[in-house]
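K.L.:
So for the sequence shown, my numbering puts the first residue at -13; every next one is plus one.
It is worth saying that the hints were derived from the structure and are not from the lab.
Since this is a predicted model, take the numbers as computed values, not measurements.
Be aware that one or more of the hints could be misleading.
[What the hints assert, rightly or not] In silico SDA-like links for lysine to any residue, alpha-carbon gap of 25 angstroms or less:
| hint | residue 1 | residue 2 |
| --- | --- | --- |
| 1 | K159 | S145 |
| 2 | K168 | H187 |
| 3 | K82 | F96 |
| 4 | K102 | K82 |
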Amino acid sequence: MSLSLCFGHYHYQCLGTTTENFHKESKQAKANWKCPNCKSIEKKGDSTPVRQENPSTVVCSPSTLSGVSDSYMDELKLYIEAKLQETTATILAEVKQQIILENKSIHEDFEQLKVKLNYLSSQFEGINKKVSENTKVIETLQAENRALWSHLNALDQRSRSCNIEIQCVPEFKPENLLTTIKQLGKVTSREIKDTEIVDVHRVQKLDQQSSRPRSIAVKLISPRVRDELLASVRRFNQANPR
């Protein structure tokens, strides 16, 4: 509100009124209306209006500030609340967007981790399958190995059952062990054919300093031939005691 008497400027609210109420006043009331400063001067007896130093300045005395209407305060409150709501909504939207981006990044990382875990799981299953297969192969080989050892022991026992060892037979450099064995069979009344002798040889002495001649190892064709030869030797020894 601009005053023509003192050239002062006031807010309607600072003067305890509103724009609508002021414009509803009659022309006479508006003409006789005076600001608080003019009324104060009039009470002191000085009728000369006081010009404001700065006409463009809106003057609101402390006494008039208390007359601010409740509607103005309500409007200010609503304005502040609206601004707060707008700011809060903006902040919440930004936080929400940031959370969405973070969740998206976490989801992508989780999916990558899931792919890697699935790959490792498949690799582990493949390794586990190979280990199981290799374990079965090893068990099969161990069983075959035991069977082979058993068979080898049986063959060795059977092979030994065809062998005889002859000790204390004088050793000569030009000797024919095959003839010697055949002569032994002839003396003991169990003649031995060449086909019944598989192998014959002298055995290396364990004690090289011993004066005893090396033993003769004879491998015959079958245990039956061996047993017949041993029986004939026992009969000869019984019949010819020392």
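K.L.:
Taking only the CA atoms, is the gap from K168 to H187 under or equal to 25 angstroms?
P.N.:
Judged against 25 angstroms, a Cα distance of about 14 angstroms means the pair holds.
K.L.:
Does the alpha-carbon distance linking K159 and S145 stay inside the 25 angstroms limit?
P.N.:
Not satisfied, since the Cα-Cα distance of roughly 29 angstroms exceeds 25 angstroms.
K.L.:
Straight-line Cα separation of K82 and F96 no greater than 25 angstroms?
P.N.:
Answer holds: K82 to F96 is near 20 angstroms, not above 25 angstroms.
K.L.:
Given the hinted pair K102 and K82, is their Cα-Cα distance within 25 angstroms?
P.N.:
violated (30 angstroms)
Going through the hint list in order, the structure does not satisfy hints 1, 4.
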